[in-house]
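Just so you know, the sequences run in chain order A and B. The numbering used here puts the first residue of the first sequence at 11, with every later residue one more than the last. The numbering used here puts the first residue of the second sequence at 11, with every later residue one more than the last.
No lab work stands behind these hints: they were computed from the structure. Ideal Cβ placement from N, Cα and C applies to all residues, glycine included. You may find that some hints are simply not true.
Unchecked claim - Taking lysine to any residue and the SDA-like style, the derived pairs with C-alpha atoms no more than 25 Å apart in a straight line are:
| no. | chain 1 | residue 1 | chain 2 | residue 2 |
| --- | --- | --- | --- | --- |
| 1 | A | Lys457 | B | Ala422 |
| 2 | A | Lys457 | B | Ser327 |
| 3 | B | Lys204 | B | Gln190 |
| 4 | B | Lys457 | B | Asp365 |
| 5 | B | Lys457 | A | Ser327 |
What the hints assert, rightly or not - Chain B regions said to be covered by chain A (calculated; three or more residues, Cβ under 8 Å):
| no. | stretch |
| --- | --- |
| 6 | 338-348 |
| 7 | 428-441 |
Protein chains: 2
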Amino acid sequence: MTDRVVVVGGDAAGMSAASTAKRRAGDALDVVVVERSRWTSYSACGIPYWVAGDVDGPDGLVARSPSEHRSRGIDVRTAVTATALDLAAREVVVQGEAGEQRIGYDQLVVATGAEPIVPDVPGVDAQGVHGVQTLDDGCRLLESLARDPRRAVVVGGGYIGIEMAEACVRRGLETTLVDQADEPMRTLDPDLGKQVREAMQAMGVRMVMGARVEALESGADGRVSGVVTEVGTYGAEVVVFGIGVQPRVGLARDAGLPIGASGGLRTAASMAVPGQDGLWAAGDCVESWDRIRRDHVHVPLGTHANKQGRVVGLNLSGGREEFAGVLGTAITKVCDLELGRTGLTAAQADELGRDAVSATAETTTRAGYFPGAEPMTVRLTAEPGGLLLGGQIVGRDGSALRIDTVASALWAGLSVADLVALDLAYAPPFSSVWDPVQVAARALLGKLP
Amino acid sequence: MTDRVVVVGGDAAGMSAASTAKRRAGDALDVVVVERSRWTSYSACGIPYWVAGDVDGPDGLVARSPSEHRSRGIDVRTAVTATALDLAAREVVVQGEAGEQRIGYDQLVVATGAEPIVPDVPGVDAQGVHGVQTLDDGCRLLESLARDPRRAVVVGGGYIGIEMAEACVRRGLETTLVDQADEPMRTLDPDLGKQVREAMQAMGVRMVMGARVEALESGADGRVSGVVTEVGTYGAEVVVFGIGVQPRVGLARDAGLPIGASGGLRTAASMAVPGQDGLWAAGDCVESWDRIRRDHVHVPLGTHANKQGRVVGLNLSGGREEFAGVLGTAITKVCDLELGRTGLTAAQADELGRDAVSATAETTTRAGYFPGAEPMTVRLTAEPGGLLLGGQIVGRDGSALRIDTVASALWAGLSVADLVALDLAYAPPFSSVWDPVQVAARALLGKLP
Chain A
11 MTDRVVVVGG DAAGMSAAST AKRRAGDALD VVVVERSRWT SYSACGIPYW
61 VAGDVDGPDG LVARSPSEHR SRGIDVRTAV TATALDLAAR EVVVQGEAGE
111 QRIGYDQLVV ATGAEPIVPD VPGVDAQGVH GVQTLDDGCR LLESLARDPR
161 RAVVVGGGYI GIEMAEACVR RGLETTLVDQ ADEPMRTLDP DLGKQVREAM
211 QAMGVRMVMG ARVEALESGA DGRVSGVVTE VGTYGAEVVV FGIGVQPRVG
261 LARDAGLPIG ASGGLRTAAS MAVPGQDGLW AAGDCVESWD RIRRDHVHVP
311 LGTHANKQGR VVGLNLSGGR EEFAGVLGTA ITKVCDLELG RTGLTAAQAD
361 ELGRDAVSAT AETTTRAGYF PGAEPMTVRL TAEPGGLLLG GQIVGRDGSA
411 LRIDTVASAL WAGLSVADLV ALDLAYAPPF SSVWDPVQVA ARALLGKLP
Chain B
11 MTDRVVVVGG DAAGMSAAST AKRRAGDALD VVVVERSRWT SYSACGIPYW
61 VAGDVDGPDG LVARSPSEHR SRGIDVRTAV TATALDLAAR EVVVQGEAGE
111 QRIGYDQLVV ATGAEPIVPD VPGVDAQGVH GVQTLDDGCR LLESLARDPR
161 RAVVVGGGYI GIEMAEACVR RGLETTLVDQ ADEPMRTLDP DLGKQVREAM
211 QAMGVRMVMG ARVEALESGA DGRVSGVVTE VGTYGAEVVV FGIGVQPRVG
261 LARDAGLPIG ASGGLRTAAS MAVPGQDGLW AAGDCVESWD RIRRDHVHVP
311 LGTHANKQGR VVGLNLSGGR EEFAGVLGTA ITKVCDLELG RTGLTAAQAD
361 ELGRDAVSAT AETTTRAGYF PGAEPMTVRL TAEPGGLLLG GQIVGRDGSA
411 LRIDTVASAL WAGLSVADLV ALDLAYAPPF SSVWDPVQVA ARALLGKLP
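Chain A on its own, in the form it takes in the complex (with noise of 0.2 Å):
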């Protein structure tokens, strides 16, 4: 007898649980995927270079197309809206073309991702005003910039706020990013997010720091005209929110379905979702365990979605796998400044009220005396005991990659002493003989109590 799996969603989490599942289980297992959109397994963290034209979109950002999927034996059916999980009748109601229906599964899988965060204030629903979460969001920012606007605001200096400033100010806009905090990327310590801020700068950002948004306006024609933030008016005929992202859970809550304290839906180690049988769910709309902060968070990233969603397709085809949490490892580049970061900052540890000890390294890219050897900052931050919780690192190319040592150790459960002594890589073209990462390690262990 074939079982049937419902998966509710098309993007990294839901098909990668439904490629896995249908490549192990073959036609044991039947594998339906509803997605709203017309695109499945999708990048969307390559849209700010689709805007920037780094790169063709819509479809240079598809990884594998639907058809693609189709051809690999998973019933994918796009432009469909899943609008109510029946758990009593173990069917998924959904909306398309056909008008609605009803699909019955053995297993489901809620992989419904994120949708951006849109502040609640007079004039955000005008015409010009954009998220970046989807292709569709994507597409419909491209028309705005097709109609040749002058002035852009970007509301939000997290990577997608930096990320999309820049690529605005690459297509030639007079570019305004506003953000409340001091200095943008919040996910560093402030003095490291103010190099983040002199290089946006430098590259023609206008920063606006220190400022809520208070409204949007508008002209006669519908379209977004200017943001009134608390330190004034910038005008702007396309406006991007890039202030963050939340778990689409209505579902999920509609059904009943357990809401963890940081919005997501709680899942346990195998992804399955507690209390319920045959339940699986995985990606941007879960929330995860941070082995750092030993809590649940919410991080919307296709790293942890593609994770997980392998281990939902593993566990759907009678395997027994766990996801085995995050650190918060994020990397990205500006301009020519890259910055990394994994664990927990100074200020993070601070706000937990977790006793901490940071030091930080000023080195270069390669050997000192190397051509091209260029500034990179690391810090690290351990606990008095010598345990490492984090590390940050800013800095010119060759950088910012390099916070995979840092994650690999904090993985590991390594100390700042055990960083010292690990045998890295070295050559000129690289580093000086020490690794940054271990010059910032032995100032932290000249720092540990």
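Go by the hints and put chain B onto chain A.
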């Protein structure tokens, strides 16, 4: 009462030991360093880049000069050669401009480094034949190159050999690299070494593989004129030997100190020489514990020399520190091809009779759709039970430093499954959503029994 430490050798290991001890102990330790050359604390790894013209040498390669060390209270005596260790009298016999002297010590550090291996074939004493291990070697090679030779032969296809061949070709010499093996870089599996050979050939280096050097020819002026190999004779006005180095342990051996099977001085993990009181050794003259081979090896690298020197310095000044061993991590680049490795290759596991499984991933240095995405190859090797044994990476810009992720995992004793689960950094300018190392780890996981 002030104790006196005498350090024999003023490069990475010796000066790290001296500096660390002096900084911690201050006036309580009288630190004397005797060094044969005029230089201290220099980057021998930078010599190929000096020869290529990227870096000003020799002073540009000096991290801290004798006078800088002296200003920190270390009694550095350059152009002074230690000729004997009189352990019974606790004196070092030295020879310098002032003639022979004896320097008494309370504690002794042997940091005599390594010396290039030159094969015992006719003609190797000709003018224009060079090793590259010290700045003086570099100076002599530059003198030969100042004579405007037309052709160079580099013997040896390891790190130094390929770096020196690139340096010669970039100086405009007709350059031939000769090696006994079928492919260069024997610390990589042969098919990955083939990528290195092809990159060298594309750069214009003639690669003569599988050829042993039988003799060197020279002209009436006593200068080298060609290299005779099993497969042919190659004209050259300058010859560089890059076939490796051997521990410089003549003094130590003469004094009866223990030499290991690797040819290096044996030490405890504290870097103390067993059976001796107050006698330490560090750097290219010692053998090190390989955490993966579980055996002692001779790995002459600046990273280990610095770490070992630091351990000695801490222990000289009352610490109880240990050197934690090596993994065999290494990295370099030739032209725009980067290579990194750590732990065991598939071929090495095989040679050692270790049961191992390997998998290879062909991935890209950025997201596949991102401009500038270039090929990279990642190979991982593990025990059948999943414990990681090693990794190799060959690829274009941005590839090789990822070996540090593997090195960190290897150091911490992680499994292939752990590597798949790791929270590594992702953004489209840096990789696809699954990190290249994790793509290889997933492939390997699928091959484990």
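Going down the list of hints, with the structure as the test:
Of the supplied pair hints, the one linking Lys457(A) and Ala422(B) holds, its CA atoms being roughly 24 Å apart against a limit of 25 Å. At roughly 18 Å between alpha-carbon atoms, Lys457(A) and Ser327(B) fall within 25 Å of each other, so this suggested pair holds. Of the pairs offered as hints, the one joining Lys204(B) and Gln190(B) holds, with about 14 Å between alpha carbons and a cut-off of 25 Å not exceeded. Distance hint between Lys457(B) and Asp365(B) is fulfilled; the C-alpha atoms sit about 13 Å from each other, no more than 25 Å.
Pair hint Lys457(B) plus Ser327(A) holds up; C-alpha atoms about 18 Å apart against a cutoff of 25 Å. Coverage of the stretch 338-348 of chain B by chain A holds [criterion: at least 3 residues with CB-CB distance below 8 Å; count 6]. Under a criterion of three residues with beta carbons nearer than 8 Å to beta carbons of chain A, the stated coverage of the stretch 428-441 of chain B is upheld, 12 such residues being counted.
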